[in-house]
Structures are given as C-alpha cells and as structure tokens.
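Visitor: Here is what each chain is made of, one letter per residue.
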Amino acid sequence: NAGVTQTPKFQVLKTGQSMTLQCAQDMNHNSMYWYRQDPGMGLRLIYYSASEGTTDKGEVPNGYNVSRLNKREFSLRLESAAPSQTSVYFCASRPSGEKLFFGSGTQLSVL
Amino acid sequence: EDKVVQSPLSLVVHEGDTVTLNCSYEVTNFRSLLWYKQEKKAPTFLFMLTSSGIEKKSGRLSSILDKKELFSILNITATQTGDSAVYLCAVESYSGGGADGLTFGKGTHLIIQP
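Protein chains in written order, with this note's numbering: chain A, 7 to 117; chain B, 17 to 130.
There's no promise every hint is true.
Straight line, CA to CA, 16 Å or less: simulated EDC-like cross-link-like pairs of lysine to aspartate or glutamate [unchecked claim]:
id : chain 1 : residue 1 : chain 2 : residue 2
1  : B       : Lys84     : B       : Asp33
2  : B       : Lys57     : A       : Asp44
3  : B       : Lys19     : A       : Glu65
4  : A       : Lys77     : A       : Glu58
5  : B       : Lys122    : B       : Asp33
6  : A       : Lys20     : A       : Glu85
7  : A       : Lys63     : B       : Glu17
8  : B       : Lys19     : B       : Glu71
9  : B       : Lys56     : A       : Glu58
10 : B       : Lys122    : B       : Glu42
11 : B       : Lys83     : B       : Glu55
12 : B       : Lys122    : A       : Glu58
13 : A       : Lys63     : B       : Glu71
14 : B       : Lys56     : B       : Glu85
15 : B       : Lys83     : B       : Asp99
16 : A       : Lys77     : A       : Asp44
17 : B       : Lys53     : B       : Asp18
18 : B       : Lys122    : A       : Glu85
Since the hints were made in silico from the structure, they are not lab data. From a predicted model like this one, the values you see are computed outputs, not experimental measurements.
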C-alpha cells in the first residue's frame with residue numbers, strides 16, 4: 007500500500023519555466039490537498055479538491071493551477087515559476103473528517 | 017478567517033524534562049484539532065481531538081482539548097533526543113462543502129539536548 011505518492015522529490019527551475027507536480031493516492035480518499043511549507047510559516051493551503059472534478063482555492067493560490075484528473079490524482083501546475091515559489095510542497099489526502107495522509111514532499115527551487 | 021496560534025515557536029530543553037506545547041484557535045465552525053510531528057520530511061499524525069476534556073495518550077505523549085477556552089496542549093514527558101522535531105497543530109472547520117478546511121499553525125520547533 008503506497009499511500010500518497012508525490013513526484014518529483016526535488017526540482018530546480020529557472021524563473022519563467024513551467025512544471026507540474028504530480029500526486030496520486032491509492033486509499034480511495036475523496037479529499038486531496040496541496041500545501042506549501044516555508045521556514046517559520048507552517049503549512050499553507052494552496053488548493054484543495056473535495057472530489058473528482060471539483061477544486062477550490064486555499065490561502066495562497068496565486069501563481070498555481072490544479073487538476074483533479076480522477077479520484078486518485080491531483081496535480082499542481084506552476085505556469086511561470088517565480089523565486090517566491092521556492093518552497094517545499096506537500097500533497098495530502100484524507101477521508102472526510104479524518105486525519106491527513108501526507109506525501110513525502112517536493113523540494114522546489116526557482117532561480 | 018480561521019486562525020491557529022502555537023506557542024512557543026521554539027523551545028530547547030534537556031533530555032528527561034517534561035514539555036508542554038500550546039495551540040489556541042479561532043474558527044467559525046470547529047470540527048476537530050489535530051497534532052502532527054514533523055522531523056525531516058512529511059508530518060506524521062499524533063492525535064485527533066474532537067471532544068473537550070478527554071485526554072488522548074500515546075506512550076509519553078498526551079493531548080487535551082478545551083473547546084470553551086479554544087485551546088489544546090500537547091505534553092511530552094521524560095523527553096528523549098528523538099522527540100526533537102517541529103510539532104504542528106491544525107484545526108478543522110466544517111464548511112459543509114465537502115473538503116473541510118484544515119488550518120495549520122506555524123509549529124513549535126522543539127530541541128531536546130542530551
């Protein structure tokens with residue numbers, strides 16, 4: 007049972023480049039989330055998805071887009087990366103009202 | 017806007033000490049409060065609290081929720097160097113929309129010195 011799988015684990019981009027962070031869960035959870043974590047800032051919600059086909063903005067959505075491709079997969083896209091998007095990104099999923107299960111994180115640097 | 021405040025933000029103690037970490041919150045429709053431990057990578061789940069006054073325990077860790085005063089504490093007794101981590105508090109509010117919001121605090125960075 008793999009849980010929540012995120013790829014890639016590390017990525018370096020130049021300003022203006024685009025990329026997609028992939029996330030998949032095999033626990034049949036309805037809800038999926040993308041968080042970013044910066045030093046001293048805790049975890050801040052970027053986007054979330056209550057179910058396949060629905061997405062909603064979180065606290066810090068600017069500069070990001072998401073796709074809930076199916077129940078398993080929830081991707082995060084940076085269309086034009088900026089240095090301010092240098093961060094550690096976590097994908098998470100959970101059944102409604104239960105604990106979050108986290109992926110192992112993606113460390114992204116934008117130069 | 018939901019708010020979660022953790023204190024202290026950092027704490028250094030000696031092995032064997034007991035520590036108390038605090039989490040206060042302001043949310044519109046409280047559903048639950050969760051504690052996570054984060055070492056080098058992804059946060060790992062510790063406790064989920066929904067009812068006031070009921071202590072949850074796991075070994076040397078325990079936590080309790082006070083819904084009237086809007087806070088929770090996480091206690092760690094007989095601390096060990098392996099307890100060194102960032103401890104995150106998150107509060108879930110019920111929005112009725114399905115993917116209920118979870119708001120995290122900034123975390124308490126706990127360092128246990130041998």
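Visitor: Look at each hint and say if it fits the structure.
Guide: Status of the hints after comparison with the structure:
no.: 1; hint: Lys84/B with Asp33/B; verdict: 29 Å, violated
no.: 2; hint: Lys57/B with Asp44/A; verdict: 13 Å, holds
no.: 3; hint: Lys19/B with Glu65/A; verdict: 12 Å, holds
no.: 4; hint: Lys77/A with Glu58/A; verdict: 5 Å, holds
no.: 5; hint: Lys122/B with Asp33/B; verdict: 23 Å, violated
no.: 6; hint: Lys20/A with Glu85/A; verdict: 12 Å, holds
no.: 7; hint: Lys63/A with Glu17/B; verdict: 14 Å, holds
no.: 8; hint: Lys19/B with Glu71/B; verdict: 23 Å, violated
no.: 9; hint: Lys56/B with Glu58/A; verdict: 31 Å, violated
no.: 10; hint: Lys122/B with Glu42/B; verdict: 15 Å, holds
no.: 11; hint: Lys83/B with Glu55/B; verdict: 28 Å, violated
no.: 12; hint: Lys122/B with Glu58/A; verdict: 30 Å, violated
no.: 13; hint: Lys63/A with Glu71/B; verdict: 34 Å, violated
no.: 14; hint: Lys56/B with Glu85/B; verdict: 33 Å, violated
no.: 15; hint: Lys83/B with Asp99/B; verdict: 27 Å, violated
no.: 16; hint: Lys77/A with Asp44/A; verdict: 28 Å, violated
no.: 17; hint: Lys53/B with Asp18/B; verdict: 21 Å, violated
no.: 18; hint: Lys122/B with Glu85/A; verdict: 28 Å, violated
Of the numbered hints listed earlier, those contradicted by the structure are 1, 5, 8, 9, 11, 12, 13, 14, 15, 16, 17 and 18.
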